[in-house]
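Student: Chain by chain, the residues run as shown.
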Amino acid sequence: MNSKTLTLILIVLGLFLAALVTLRGDLAWMTMPFLAYLGIGILQSPVLGTVKLQAARSVERLGTEAGSFIRVDVAVRNAGADVVDLRLADPLRTGWRVTDGSTQTAAALGTGESAVLRYGFQAGRGNYEWETVRATVSDPLGVIEAGLMLPAAAEVQVRPEWRKYRPFPMLPQRTLHTSGSIPARLGGRGTSFWGVREYHPGDTLRRLDWRRTARHPNRFFSKEFEQEEIADIGLVLDARQMTDMLAGPASLFEHSVGAAASLAEVFLRYGNRVSLLIYGKEITGLFPGYGKRQLNRILRALSRAVPEAETGFNTLQFVPLQMFSNRSLIFIISPLAPDDWRLFPRLRAHGYQALLISPDPIDYARRNLPADPATRLAVRLAQVERRLQIGKITQLWIPVVEWRVDQPLEPLVRTAMRTFRIRQER
Amino acid sequence: MPAGTIRKLVFPAACTVCLAAGFASAGRWMFLPLVVLALSVWVSACRWRSAFLPHLGLALSVGLAADGLWLSVPLAWMMFGAVCALAGWDVILFQWSTAGIPPGDPVRLLELRHFRSLLLALGVGLAVSVAGPLIRFRISFWWMMLIAALALAGLEGLRRGLLRGGSGGADRGG
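Those sequence lines, one after another, are chains A and B. Quick note, the working numbering runs 57 ahead of the 1-based positions in the first sequence. Quick note, the working numbering runs 65 ahead of the 1-based positions in the second sequence.
Taking lysine to aspartate or glutamate and the DMTMM-like style, the derived pairs with C-alpha atoms no more than 25 angstroms apart in a straight line are:
no., chain 1, residue 1, chain 2, residue 2
1, A, Lys109, B, Glu176
2, A, Lys109, B, Asp170
3, A, Lys221, A, Glu467
Stretch by stretch, here's where chain B covers chain A in the computed footprint (C-beta under 8 angstroms, at least three residues):
no., segment
4, 72-84
5, 97-111
6, 161-170
7, 190-201
Bear in mind the hints are in silico, worked out from the structure with no lab data behind them. Computed from a predicted model, the values in this text were never measured in an experiment. A virtual CB, placed ideally from N, CA and C, is assigned to each residue, including glycine.
Whenever a hint applies, use it, and build me the whole structure from the sequences.
Tutor: What follows is the structure, encoded as structure tokens:
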């Protein structure tokens, strides 16, 4: 019973009661307009068995990155024989900002007629699914209402915002034996000069080192170039709520997700094999893969990633390293919680190369804190604690990118990769 | 003033005029401030979208009309006042429920069906309520109670019977 019907019934009862108490027939007659209203509503109310509605939803995403505009059209057609008074509504979800149209509409539909619920909204990164649309069928006066959930399924993804980076100068310990863009420290086909060796039958004449051949009669020498191969890269994204930091509607985790998406894009663009592990309440793993299809998989997984509380994994120590091959170069994106440094000795013990990208939570939080002496002291203490933890990691010869999220990440990673490369070459 | 607001205010204004005229004709001047209070509730209900203001306006206006009948104010004014209050309440709730919906044929048909039904309900209700007191017959208190209970039970039974038409009414969208 809706509020309209309830009000009318209360008024009718009140008037009847007043008529009985005062013994005034006029008061009883006054109930007649209200009873007529109720009666006509009830007589015209729809018989649910004869109501046949068909719904179809189409979702269009304009723009591909976070904050993109999404247009939703839900068409409902009356396939029954009677006219139907209908109200349609789609529930509004948190984080949506409806910028066009409305999430509810009303219409009276004759046989074969359609009504369209059309609205547009802006939403952040995420995966949005609809199963049904809520329809309320009623009599013309709205006295009797019946709710229906019409199947109208659709799905749309708002992928994380990523930046296009230039390739990084990587020198991994091990490469996969597929031609790519990373120097493999092996002689073979490539562009950089690697060395000279004696001619083997089958070597192309174009590679003959004529100068050396001229100095050694009856012997031939071939030039070798450094083979260029692809790397096996693993990305680990920390999705624990304990490491996330909120500043109004913005979150530090969104920066981490953006960094993971950008790195995956640049590595896959240059032919590398990339896998992803999202370490939150549940561990989401994407096994290694190549190309645009893998990028789509990664972006889809990242669009669903949310920082989750009550995780059983209080430290990064329990990252399942067996997911990555022993040739992998692992990028860990984490603001770091206390004791997270324990992962890194494990990584070194298993022989992985790793790089830590750590969005700075203290710098991120400091902007919203008051500038009083107590806060300054607390910030300093937190920074000391963080420096100690990062010191433990760098002692293991693992490069750390301390990332203030208002800075561009690309040059920081590039510098870290360069030091990484120098260490490898030593 | 926008056309929607004017449309919403027509019936409450008519209700106020009817009630004020009725009380004035019977010399019950002390009720006029209450009539003005009811009007202010109606105006607030038109202006601010509130879940309870239209219901409060209706209850106040019908209460005043019932009071007027008890105080032997002319019946026609009070009946018209109550009917106008019912119409005003319905129009305000309907306007709120269709606010923000882009105009089109389905919405026009909805409005047409709604106002046709409202007119029918008001016409039948007003005719019966005005003509009814002219028909005089004696009925005992218990018979009256029985008739009222049967009327309410009948309406409820009718409502249930109509809704029991079937559980499914939705086809899968193509």
